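Chemist: Residue strings, one per chain:
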Amino acid sequence: MANPFRGQVIKLYRTLLYLGRDYPQGSAYFKERLKSAFMKNKDVTDPDKIQKLVARGNCLIKELEAMCFLRKYQVMKKKYCQTKK
Amino acid sequence: MSGRVLVGVKRVIDYAVKIRVKPDNSSVVTDGVKHSMNPFCEIAVEEAVKMKEKKLIKEVVAVSCGPQQAQETIRTALAMGADRGIHVEVTGKDYETLGPLQISKIMAALAKKEEAQLIILGKQAIDDDCNQTGQMTAALLDWPQGTFASEVSLEGDKIKVVREVDGGLETIKINVPAVITADLRLNTPRYATLPNIMKAKKKKIANMKPADLGVDITSRLEVLRVDEPPQRQAGVKVETVEDLVSKLKEAGLV
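Protein chains in written order, with the UniProt record's numbering: chain A, 1 to 85; chain B, 1 to 254.
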């Protein structure tokens, strides 16, 4: 891995791992998929490609946050905000 | 005008966890179970932080009562933007019997000590579903209350609260200082990101005991028994519409 990107990639991995704790389908499942996704790309050396992958990772962070929030909102709404018929 | 807001946050079993009752029916299994901040408390913190960002108030203080682990919940509030935290330490048997009455006494004492202008709480906790702490706190302080708030706006020295009630929406105007309890649609709480959690480690969390505030936390309630809800009966399949109608008639539903 090119040195300037090592920090970024590790930071990305840690952030995704942290978010994965709230993953709706289970944090263990998420952790597995995350690790294999990162391992798959571990030999990439082209700086452009690395940048693109990191950018994709950052998009994934936003997606995960939205997904976890939506799931929580749905469950809370169902339990606490049912309008009486 | 202190411009200070107290936000109460509670550490509860995570909303997504399947709850298990202990074999002796004394309580729910909490050891090794994932805990997080009560979702309604998250909404309360978010509202306070938004007010601070709009420069309507000066300081957000996150308060939690419980054992050491309650500090994690305060840290999450700090990561979301609260300025400092207060951890009221309650452990063991006292913690098991800690309920809305005791919390509201603590919040009232803190509100006086910190000269708070506003207390924002979640409308209820997802573990006990009491929906009492906000109301009791307001009563103890003799402050007005805006409960089930789905919209809050400060207008000078008054607060306009839109409340979600069974009949629809009710808009009220109350004086400051006041107690607000947050309902689901008040806002969308921000995620406490990892970098913010790291930064939040620098923020202060004060430690104290209920006795330091002159609060008596003995409970007036005793939990006799905890049971799981009755198992859902399996459905019955029918072949024809006539069968369905006769089954409904049997059950006295038609």
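Think of the hints as simulated: they come from the structure by calculation, not from any bench. Predicted model only: the values in this text are computed from it and were never measured. Hints should not be assumed to be uniformly reliable.
[Stated by the list, open to error] Pairs of lysine-lysine residues, derived as BS3-like cross-links and limited to a Cα-Cα distance of at most 25 angstroms, are as follows:
(1) Lys-34/B to Lys-78/A
(2) Lys-201/B to Lys-62/A
(3) Lys-62/A to Lys-247/B
(4) Lys-34/B to Lys-35/A
(5) Lys-113/B to Lys-11/A
[Said to hold, decoys possible] Going by beta-carbon spacing under 8 angstroms, a handful of chain B positions derived as facing chain A:
(6) Ile-13
(7) Gly-92
(8) Tyr-95
(9) Thr-188
(10) Tyr-191
(11) Leu-194
The beta carbon of each residue, even a glycine, is placed where N, CA and C say it ideally should be.
Chemist: For each hint, tell me whether it holds in the structure or not.
Modeler: Here is what the structure says about each hint:
Our distance criterion of 25 angstroms between C-alpha atoms is met by Lys-34/B and Lys-78/A, whose separation comes to about 21 angstroms. A threshold of 25 angstroms between alpha carbons decides the hint, and for Lys-201/B with Lys-62/A the separation of about 24 angstroms falls inside it, so the pair holds. Distance hint between Lys-62/A and Lys-247/B is unfulfilled; the C-alpha atoms sit about 50 angstroms from each other, more than 25 angstroms. A C-alpha spacing of about 22 angstroms is found between Lys-34/B and Lys-35/A, which places the hinted pair at or below 25 angstroms, so the restraint holds.
A C-alpha spacing of about 41 angstroms is found between Lys-113/B and Lys-11/A, which places the hinted pair above 25 angstroms, so the restraint is violated. Hint status for Ile-13/B relative to chain A: violated, with the closest Cβ pair at about 13 angstroms, above 8 angstroms. Hint status for Gly-92/B relative to chain A: violated, with the closest Cβ pair at about 28 angstroms, above 8 angstroms. Nearest Cβ of chain A to the Cβ of Tyr-95/B: about 24 angstroms, over the 8 angstroms cut. The hint is violated.
With its C-beta approaching chain A no nearer than about 7 angstroms, Thr-188/B sits inside the 8 angstroms limit, and its interface hint holds. Look at Tyr-191/B: its Cβ gets to within about 5 angstroms of chain A, closer than 8 angstroms, so that hint holds up. A distance limit of 8 angstroms between C-beta atoms decides the matter here; for Leu-194/B the minimum to chain A is near 5 angstroms, and the interface restraint holds.
Of the numbered hints stated above, those contradicted by the structure are hints 3, 5, 6, 7 and 8, listed in ascending order.
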